[in-house]
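We have chain A already, so just place chain B on it with the hints.
Listed in order, the protein sequences are those of chains A and B.
Numbered per numbering that gives the first Met the number 0, the first sequence spans residues 0 to 224.
Numbered per numbering that gives the first Met the number 0, the second sequence spans residues 0 to 446.
Because the hints were derived from the structure by calculation, they are not lab data.
Keep in mind that a hint or two might mislead.
[What the hints assert, rightly or not] Calculated cross-link-like contacts (lysine to any residue; reagent style SDA-like; alpha-carbon spacing at most 20 angstroms):
no. : chain 1 : residue 1 : chain 2 : residue 2
1   : B       : Lys194    : A       : Arg213
2   : B       : Lys83     : A       : Glu12
3   : A       : Lys110    : A       : His134
[As the list claims (entries may be wrong)] Label-pair distances were calculated between CB atoms; the ranges are:
no. : chain 1 : residue 1 : chain 2 : residue 2 : range
4   : A       : Asp4      : B       : Asn411    : 49 to 55 angstroms
5   : B       : Tyr241    : A       : Ala195    : 38 to 44 angstroms
6   : B       : Gly308    : A       : Arg11     : 40 to 46 angstroms
7   : A       : Ala21     : B       : Asn411    : 44 to 50 angstroms
Quantities reported herein were computed from a predicted structural model and do not represent experimental measurements.
Glycine included, each C-beta is placed from N, C-alpha and C at the ideal position.
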Amino acid sequence: MQTFDLEAQGLRELNTTLQAQATATNQTSWEIVNAKGSHAIAVGLDAPIEVNVKGSTGYYCAGMNKQATVHVYGSAGPGVAENMMSGTVIIEGDASQYAGATAHGGTLIIKGNASSRCGISMKGVDIIVHGNVGHMSAFMAQSGNMVVCGDAGDALGDSLYEARLFVRGSVKSLGADCIEKEMRPEHIEILKDLLARGECDAKPEEFKRYGSARQLYNFNIDNAY
Amino acid sequence: MKDDNTGAPRTIPIQSATFSNPTNAEIRRAAATGIYDIRGGGSKRKVPHFDDLLFLGASISRYPLEGYREKCDTKVVLGTRFAKKPIELDIPVTIAGMSFGALSGPAKEALGRGATMAGTSTTTGDGGMTEEERGHSNKLVYQLLPSRYGMNPDDLRRCDAIEVVVGQGAKPGGGGMLLGQKISDRVAGMRNLPKGIDQRSACRHPDWTGPDDLEIKILELREITNWEKPIYVKVGGTRPYYDTTLAIKAGADVVVLDGMQGGTAATQDVFIEHVGLPILACIREAVRALEDQGLHREVQLIVSGGIRGGADTAKALAMGADAVAIGTAALIALGDNDPRWESEYNALGTTAGAYDDWHEGRDPAGITTQDAELMKRFDPIVGGRHLNNYLKVMTLEAQTIARACGKNHLHNLEPEDLCALTMEAAAMAKIPLAGTDWYPGKPGTGY
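So here's chain B without its partners, still in its complex pose:
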């Protein structure tokens, strides 16, 4: 490039890495509106993740199992510590809590159908239990959230497990949001709220604070349900060692740990992107807490936040989790953000794969909406079939890896089967850097 007048060479215009186009666009948007950005989904920034880990596979010192013939079990039992009726799942992939309200009734039905076909569980969400989900979900986890929308003892008794939600990875320390566009008559009725208001759920439970109270709350829940139901405690990824320790102390059967990549129906973008830990940094710390209490495998650990396939599942299990949960991936399997609706995403000012304004209730795929016309686009039977297919593929992929590592159960995968590609992942996951036996912070190494 040359100067028009002198012909001298000119510098090439350079975009600032700090003041990038998306950053500047957000500054302009904030300046024009005076309101922070609200969106759905999880963290979009690149953080150390399961992609930064690899399996070593078998060799002379480890021998593999035959890929298609030899047994590689996938069953998982959740709630063996105290519950009279633990949940038995065929696969270690569960469906995370997503509310009716955030999702349509047919979408909840599809989750139930798909999970039941695959032999796993679904989870209710903020807003209570719907007949669509209870009717189609063979194993249903009922969340006890700060809002207590729709909470009642009858549903507590007809669920298969109870999940006390302390926090979630997308917004640890924050409550739910459901804006007025999605507070239909039915949603308002279930939540006992005026129609069309912008609903914000409380961030703390109304009747307990701290682990000592939680222990008593769990006692009450067990007394109401005859000590039958497994009780999960769900926390966002913040201080995983201490949160896991305190959840165990409070009497949890299962700890659910959700990293910052985990989705939400709606909250502030600044919250999603700047609060909480990537799931990779949480798992080994939670497992350490379980081991320190002598309860690893007796109190089960479910991890979530950015789980996309069988490899992620296998890696999480190798690091010590008992199961994983998927939310965003399940929605994509149902048809969320599908390019078939590209022209409609364009009309909303976005593109397939980037659509995250779930709170506006205008989802072209008819999944994250309460709009009767949009909902018609989504067939829960087809959606359920797709989810089942996807769960099957995840399981087959995880089995493929486990067999290659010589394991006849997914739970036999272990940290020694893994290596890390980056220093950051090695440090967070406490997995040796590829080609070494070292990771930053490894005890006894002085680093």
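Same shape as in the complex, but just chain A:
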């Protein structure tokens, strides 16, 4: 375990060091102390290393992550794991706005709640939230899966494409073109796997599935308002 004091050594040094870890590195486990809400912690990583951040992070923690596992022992600021390609990001606390925005792959696990626009424009990531998600979550979500063990706020899945949304609790309102869909056996299997990966204490049968009605896919003036 390598320990990195962010306050003493600085952000540039941190990201340079972590980005320099090759796939075959022996230094696979890192601990970052004194994070103190700094922005852009552990961004642009591309190696199967484990980064444990002690404390809360600012904007864009683990942005554009590839391969790495970034574990935040605190809460995460806006845009955590934005545009992630692969790897795993785990937030022990809550996540602010735009968690997992536009992420193409990997797994984002939020043990607390996520704020508004969680999974906005997601492009293949799996997002698992133990608590609730705020309004406009999964806006224009293109693909991947979002699991919400708690409740969802207003306008869930507005202008949704092919992402699958699973919500256990209530949905305050559905966004344009987002509808409840039948939970078929294959969805139960997908959800079972997601819940296991997210270490969620919930049963797939307790969830409802939401997806796109696909009514906005082709331009029709009656959809404009």
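Below, chain B without anything else, positioned relative to chain A:
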């Protein structure tokens, strides 16, 4: 003209200037279809433009440089503020962002070929980076757009500069559109979308709002790319003084400012024609913002929107820009709207020079299409050569003007080299009306 029955003189039928034939045709089209008109290109209305400015040239008080012999440098370096690796271009004319999807792969290749021969850069667009463009473009600017289609850290690291797109001149405040006819398997794959859908990009970035967030976003991009890449911020012409000020505050190396004449692949005609400012009204305000921050020339300014030749380039530079970008002009150089395809334009209900239904993907010139058969008509090697020729001519023209004004670098052109032909242009460009030392709004004049 006389009355048939009485022989008395009759009035001549007069077309209304307000309800013109094109206006009435649009009313009839709207009434019949119930849908607004979508098209490509930029504003077609006549607005004050570079044509309304002239260079004064040299005389007794200024002496010229010899047209062909004396040096007139054209180099420009972009990204000198923070980037470890600024971009050095041989000419101050760059190729604006145009997406793969809007354009075919071979068209993107041709842009890369032509720009590289001419020593300048190309820019990706909404939809990600293609091998055609990266492979042929020596200097490639990678756009970070609200949609983030195809965005990934590997391409971020293999580009030469990053352009954070906040808006564009054709549709400031609007997102991109790519209708189903052009969402081929390849385009759909790159954008992670179902094939054949009418794709509308978001108008705002998904993970930041406002200049304070943008500053942090730029920090993240720099951290991911080891602070090497110049970071541009592109805005449409709306509030150029404030947008430039905020882009500088957010940490931009380069500000890209696009006027309403700048093209788009597709959006509503009403948006193109009725939102945003002509580029002429933007440049001096952006330069004023740079000067107020003490960063003119340290943060570079690229302007675009209706740049057609060396004279436009020289005028933009004289007003304080560091470089210009061309989009529509580059497509025309490649062969877009060429009269050689006139019969096919006629079959589409239009004519060469007026064809703007790029979103339908039926471009006879094979440039703004994903149709495999139409694409075969376009040769990227020939297209690249034509673009290089055109860029060379633009540069020679700008040099001709600069030498006539006694300048040994295009950047030495200055507002004092210009005069305005109309009151409107004088007011917008803050350039004195020809034959006077005054322009409307000139400080201290009381007008």
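Right, here's what the structure says about each hint:
For the proposed pair B/Lys194 and A/Arg213, the alpha carbon gap of about 13 angstroms is at most 20 angstroms, so the pair holds. For the given pair, B/Lys83 sits about 16 angstroms from A/Glu12 by alpha-carbon distance, which is consistent with the 20 angstroms threshold. Taking the CA atoms of A/Lys110 and A/His134, the gap is near 18 angstroms; set against the 20 angstroms cutoff, the hint holds. Taken as a hint, the range 49 to 55 angstroms holds for the pair A/Asp4 and B/Asn411, whose Cβ atoms sit roughly 50 angstroms apart.
Here the CB-CB span from B/Tyr241 to A/Ala195 is close to 51 angstroms, at odds with the stated 38 to 44 angstroms. For B/Gly308 paired with A/Arg11, a C-beta distance near 44 angstroms keeps the hint of 40 to 46 angstroms intact. In this structure the hint that A/Ala21 and B/Asn411 lie 44 to 50 angstroms apart at CB holds, the actual value being about 49 angstroms.
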